[in-house]
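There are 2 protein chains.
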Amino acid sequence: MTNSQKLILITNDDGFFSRGIAKLAEVMSRLGRVIVVAPQSEMSGQSHSITVTRPISFKAEKDMPFECFSVDGTPVDCVKLALNKILPSKPDLVVAGINHGCNASINTIYSGTMAAVFEGCAEGISSIGFSMFSHSKDVCLDFVDDYIYDIAQNVLTKGLDKGVCLNVNFPIAEIKGVKVCHQADAYWNEEFVSKQDGDEGEVFWLNGVYNLRDTSDRADYRAIRDDYVAITPMQVDFTAYKVLESYAERFDKI
Amino acid sequence: MTNSQKLILITNDDGFFSRGIAKLAEVMSRLGRVIVVAPQSEMSGQSHSITVTRPISFKAEKDMPFECFSVDGTPVDCVKLALNKILPSKPDLVVAGINHGCNASINTIYSGTMAAVFEGCAEGISSIGFSMFSHSKDVCLDFVDDYIYDIAQNVLTKGLDKGVCLNVNFPIAEIKGVKVCHQADAYWNEEFVSKQDGDEGEVFWLNGVYNLRDTSDRADYRAIRDDYVAITPMQVDFTAYKVLESYAERFDKI
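Top to bottom, those sequences are chains Y and R. Note that our numbering numbers the first sequence so that position 62 is 392, with each residue one more than the last. Note that our numbering numbers the second sequence so that position 189 is 519, with each residue one more than the last.
By construction, these hints were calculated from the structure, which means they are not laboratory data. Warning: the hint list may mix true and false statements.
To be verified - Sample of chain Y residues at the chain R side, in silico, Cβ under 7 Å: (1) S379; (2) A452; (3) L486; (4) V508; (5) V510; (6) L536; (7) Y540; (8) R543; (9) D567; (10) Y577.
Stated by the list, open to error - Listed next, the in silico DMTMM-like pairs over lysine to aspartate or glutamate satisfying Cα-Cα at most 25 Å (straight line): (11) R:K415 / Y:E520; (12) R:K492 / R:D582; (13) Y:K492 / R:E356; (14) Y:K525 / R:D402; (15) R:K353 / R:E391; (16) R:K467 / R:E575; (17) Y:K572 / Y:D515; (18) R:K492 / R:E504; (19) R:K415 / Y:D547; (20) R:K415 / Y:E521; (21) R:K389 / Y:E520; (22) R:K506 / Y:E504; (23) R:K583 / Y:D475; (24) Y:K488 / Y:D468; (25) Y:K583 / R:E391; (26) R:K336 / R:D527; (27) R:K336 / R:E397; (28) R:K572 / Y:D547; (29) Y:K583 / R:E521; (30) Y:K389 / R:D480; (31) Y:K467 / Y:E504; (32) Y:K525 / R:E391; (33) R:K415 / R:E453; (34) R:K389 / Y:E504; (35) Y:K353 / Y:E397; (36) Y:K415 / Y:D402; (37) R:K420 / Y:D529; (38) R:K353 / R:D393; (39) R:K506 / R:D480; (40) R:K420 / Y:E397.
All C-beta atoms in this analysis are idealised placements derived from N, C-alpha and C, irrespective of residue type, glycine included.
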C-alpha cells in the first residue's frame with residue numbers, strides 16, 4: 331500500500347475552523363487521504379466526555395481546503411461518529427490537534443485532544459495528539475511541519491504497540507531536538523475568581539496556577555520548556571501495576 | 331486523630347439526590363465528618379471535563395440527611411470547588427459514588443465518578459470510587475455497607491501510594507469475596523441509532539455493544555461478573571513506561 335492510499339482521520343477540540351487543525355491537515359495530506367471530523371465549536375477541557383443525553387449530528391463543511399465534517403459534540407463523539415458513520419473505512423491513523431495549548435503532564439487528563447487520541451487507541455488504531463505550548467490563536471505554526479510529518483510517517487510505517495498512543499507537545503521557540511518523555515508530575519493550584527451575579531449570587535470562574543513537581547530531564551513539561559519536542563507514549567490502561575501485588579495482599583478476600 | 335475528626339468529601343456524577351450517594355454518605359458518616367459536594371443534575375459520561383466557558387456556583391441543600399452542597403458543574407468541578415471554596419480544610423479522603431453503573435475496564439475513561447477520584451488523587455488526597463454493576467436506580471444497595479466501610483477504613487488508616495487511587499466495583503448478586511484487579515482490556519462497538527429530526531436532518535443517538543477482550547482471572551470486569559468486589563488500583567500518570575526505552579531509541583533526536 332502506498333502512502334496515498336492511507337486514510338487519516340483528523341480531529342481536535344478547538345473546532346474544525348481552527349488554525350491548528352488546518353496546519354495538521356496540510357501536513358497529513360502529504361501522507362494520505364485526509365478526512366477532518368471535528369467539533370463545530372470549541373470543546374477545550376471536555377476531556378473524554380461523550381454526549382448521551384441528546385442525539386448528535388454532523389454536516390459537511392464546504393469551502394474548506396480539506397474534506398471536512400463538523401459535529402455538534404465532543405472530540406470523542408467526533409471519533410466515534412467518524413469511525414461508525416462518516417469514514418469509508420477504518421482509518422490507518424487518528425491524529426488530533428494541533429492544539430492551541432500545552433497537553434503535557436497533568437493537562438493530559440483535561441484535554442479533549444488527548445481524549446480523541448485515547449479513543450482512537452482504544453479502537454486499536456495508531457493515534458497521535460499534537461499540541462503547542464501556547465494558547466495563542468496566532469502562535470507561529472510554521473516550524474512544526476517536518477516534525478509532524480516525520481513522527482506520523484514513522485507511526486504509519488512501523489505502527490505503535492498495542493494500547494499505546496503518542497502525546498506530542500511542541501515548544502514555541504526554536505526546536506533543539508526531540509525527546510521521548512514521561513508525564514511530568516504536576517498539579518493545578520486552583521484559584522477561583524469569584525464574582526457577584528445578580529440572579530445567581532456568588533459565582534466562580536475556574537482559574538489556577540500550574541505547579542510542576544517533576545523537573546527531571548525526561549519530564550515532558552520540562553523538555554518542552556527546554557525547547558525540545560516532547561513525545562510521551564501513553565496508554566489507556568490506568569492500572570497502577572506497580573502496587574498490584576502489595577494491594578492484593580492488603581485487600582484480597584478470596 | 332480519632333475517626334470522628336476525619337474529614338471526608340463525597341461526590342458523584344449521578345447528582346446529589348441519587349440513592350447511591352445517600353448510601354455512601356450513610357456509611358462514611360461512621361468514619362468521620364461527611365460533606366457532600368455533588369452535581370445538581372446528572373453528569374454521567376462527563377469524564378474529566380471542567381467548566382471553563384462560564385462561571386459555576388454552589389448552594390447548600392437543606393432537608394438532606396447529610397451536609398450537602400450542589401454545584402452547577404461537573405464532578406471534577408465539584409472536587410475543585412469543594413477543596414478551594416467549600417470545605418473547612420483539606421479532606422482526609424475523597425470518595426465518589428456509589429455510581430449507578432459499572433466503571434470497570436474501558437468505562438473508567440468515560441466516567442465522571444472516576445474523574446472525581448483522579449482529581450482527588452492528583453491533589454494528593456486518598457481517593458476511592460465506588461460503582462455498582464447495574465444502571466438501575468432501584469438496584470439493591472443493602473449488601474455493600476460492610477465492604478465500603480472496610481475498604482475506606484483501611485485507606486484512612488494506611489493511606490495509598492503516591493499517585494494511586496482505587497476504583498471499586500460491586501457485583502449485583504451475593505458477593506463471593508474481594509479481588510484486587512487490573513483494568514480489563516475491552517472496547518465499545520458503537521451502534522449509533524439514527525433518527526430523522528425535522529430541523530436537524532438525520533441525528534444519531536450514541537449506543538454500543540460492550541466487547542470484553544480480557545477475561546483473565548484478575549480482569550476487573552470478569553471478577554465483577556463472577557460476583558467478586560473488584561478493587562482496581564489506578565494512577566493518574568498515563569505514561570506507557572514499558573515502551574519508554576524502545577521509543578526513545580526510535581524517536582529521540584537530541
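Verification of the hints:
no.	hint	verdict
1	S379	holds (4 Å)
2	A452	holds (5 Å)
3	L486	violated (14 Å)
4	V508	holds (4 Å)
5	V510	holds (4 Å)
6	L536	holds (6 Å)
7	Y540	violated (12 Å)
8	R543	violated (10 Å)
9	D567	holds (5 Å)
10	Y577	holds (5 Å)
11	R:K415 / Y:E520	holds (10 Å)
12	R:K492 / R:D582	violated (29 Å)
13	Y:K492 / R:E356	violated (42 Å)
14	Y:K525 / R:D402	holds (15 Å)
15	R:K353 / R:E391	holds (17 Å)
16	R:K467 / R:E575	violated (47 Å)
17	Y:K572 / Y:D515	holds (17 Å)
18	R:K492 / R:E504	violated (33 Å)
19	R:K415 / Y:D547	violated (36 Å)
20	R:K415 / Y:E521	holds (9 Å)
21	R:K389 / Y:E520	holds (19 Å)
22	R:K506 / Y:E504	violated (60 Å)
23	R:K583 / Y:D475	holds (16 Å)
24	Y:K488 / Y:D468	violated (34 Å)
25	Y:K583 / R:E391	violated (38 Å)
26	R:K336 / R:D527	violated (52 Å)
27	R:K336 / R:E397	holds (15 Å)
28	R:K572 / Y:D547	holds (18 Å)
29	Y:K583 / R:E521	violated (38 Å)
30	Y:K389 / R:D480	violated (52 Å)
31	Y:K467 / Y:E504	holds (18 Å)
32	Y:K525 / R:E391	holds (21 Å)
33	R:K415 / R:E453	holds (15 Å)
34	R:K389 / Y:E504	violated (49 Å)
35	Y:K353 / Y:E397	holds (14 Å)
36	Y:K415 / Y:D402	holds (14 Å)
37	R:K420 / Y:D529	violated (30 Å)
38	R:K353 / R:D393	holds (16 Å)
39	R:K506 / R:D480	holds (16 Å)
40	R:K420 / Y:E397	violated (50 Å)
The structure fails hints 3, 7, 8, 12, 13, 16, 18, 19, 22, 24, 25, 26, 29, 30, 34, 37 and 40 (numbered hints given earlier, in ascending order).
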